[in-house]
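*Asks:* Listed below are the residues making up each chain.
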Amino acid sequence: MREASPKPQAEHSSWTLSIRRLLARNLPLSNLLPDRQPVYVGSWVYIFGVLAIAGLIWIIGSGVLLAFFGPQWWHESNIGRFVNSLHLWSVQVFFVFMVLHLWGQYFMAGWRDGRAPTWMIGVVIFAFSIAAAFTGFVSQQNFAGEWIAVNAKDATNSFGIGSLFNVLNFGQMYGIHVVLLPLLLATLLGIHLVLVRMRGVVRPIGLKRAAPPSDEERPS
Amino acid sequence: MDTPATYLSWNFILISVPNLLMIAGMIVVFVAALLAPFPSHGEAAEPEDGNDA
Numbered sequence: 190m191r192e193a194s195p196k197p198q199a200e201h202s203s204w205t206l207s208i209r210r211l212l213a214r215n216l217p218l219s220n221l222l223p224d225r226q227p228v229y230v231g232s233w234v235y236i237f238g239v240l241a242i243a244g245l246i247w248i249i250g251s252g253v254l255l256a257f258f259g260p261q262w263w264h265e266s267n268i269g270r271f272v273n274s275l276h277l278w279s280v281q282v283f284f285v286f287m288v289l290h291l292w293g294q295y296f297m298a299g300w301r302d303g304r305a306p307t308w309m310i311g312v313v314i315f316a317f318s319i320a321a322a323f324t325g326f327v328s329q330q331n332f333a334g335e336w337i338a339v340n341a342k343d344a345t346n347s348f349g350i351g352s353l354f355n356v357l358n359f360g361q362m363y364g365i366h367v368v369l370l371p372l373l374l375a376t377l378l379g380i381h382l383v384l385v386r387m388r389g390v391v392r393p394i395g396l397k398r399a400a401p402p403s404d405e406e407r408p409s
Numbered sequence: 005m006d007t008p009a010t011y012l013s014w015n016f017i018l019i020s021v022p023n024l025l026m027i028a029g030m031i032v033v034f035v036a037a038l039l040a041p042f043p044s045h046g047e048a049a050e051p052e053d054g055n056d057a
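Line order of the protein sequences matches chains A and B.
Using my numbering, the first residue of the first sequence is number 190, and each one after it goes up by one.
Using my numbering, the first residue of the second sequence is number 5, and each one after it goes up by one.
Same shape as in the complex, but just chain A (with noise of 0.2 Å):
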């Protein structure tokens, strides 16, 4: 019996031989979890990306406590109270932080030299992080969470979308705000940082780029 051999890798194409060739092309592990960065990173400034993360994950670690005990643990008992004012200060965190990334993106016009996608993910980061700020003041269970509710149903009916987004649906907003923004947003920061890793922090402006590698120096 004869033993098969496998095919020549040249003659062979796949969609995972793609993927896999695309992904080595553009983010060798070297970019991925680089060990040492560029001189002009050593700023404070580059912290507050990393610091709006972590606030991220304090709102969802929170964020999943209050999910599975529910409205009465999080209004009722002490614990419960705590970890509410917990996600609520998590978040207080992340705006501050990540408004505080944006100034610095912005003013360091951190969207030059192929940089432009990452930028405009980081913005649309920024809308769906409001949206998702706003389906959970409206999903509070509480009186406030009623009149943030029924004052956004007249500006929501304002623009013609208050029957598709109903602000005064409980079960649509909580659905919202504890399942489909945060797989988006947890999607789009993934993009967001790979994008990062593959293009690296923007070099300062008027600091000059440094020469190519020529064919001999660059990485396989």
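Mixed in with the good hints there might be a few duds.
Said to hold, decoys possible - Now the stretches of chain A that chain B is said to cover, found in silico as 3 or more residues with beta-carbon under 8 Å:
#1 230-240
#2 285-298
As the list claims (entries may be wrong) - Here are the simulated distance ranges between beta carbons:
#3 B:L24 x A:N355: 29 to 35 Å
#4 B:G29 x A:L222: 32 to 38 Å
#5 B:G29 x A:L206: 51 to 57 Å
#6 B:P43 x A:G259: 43 to 49 Å
#7 B:A36 x A:L211: 30 to 36 Å
The set of hints was computed from the structure by calculation and includes no laboratory data.
On a predicted model such as this, the values are computed, not experimentally measured, just so you know.
All C-beta atoms in this analysis are idealised placements derived from N, C-alpha and C, irrespective of residue type, glycine included.
Fit chain B to the supplied structure of chain A, relying on the hints for placement.
*Replies:* Coordinates of chain B only, in the frame set by chain A:
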């Protein structure tokens, strides 16, 4: 917590004191981040291909 915040108004601008304090604090943190020295860990790498373009 149950009383409404104090609002400041100037022309068309209307903002609560807590929001104004938050914005002022963020500006202070931003300027401090620009000016404060960053701890160094020895030599830094030069930009590499694919990580600097």
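*Asks:* Could you run down the list of hints and mark each one as holding or not?
*Replies:* The hints, checked one at a time:
no.	hint	result
1	230-240	holds (count 7)
2	285-298	holds (count 5)
3	B:L24 x A:N355: 29 to 35 Å	holds (34 Å)
4	B:G29 x A:L222: 32 to 38 Å	holds (34 Å)
5	B:G29 x A:L206: 51 to 57 Å	holds (52 Å)
6	B:P43 x A:G259: 43 to 49 Å	holds (44 Å)
7	B:A36 x A:L211: 30 to 36 Å	violated (42 Å)
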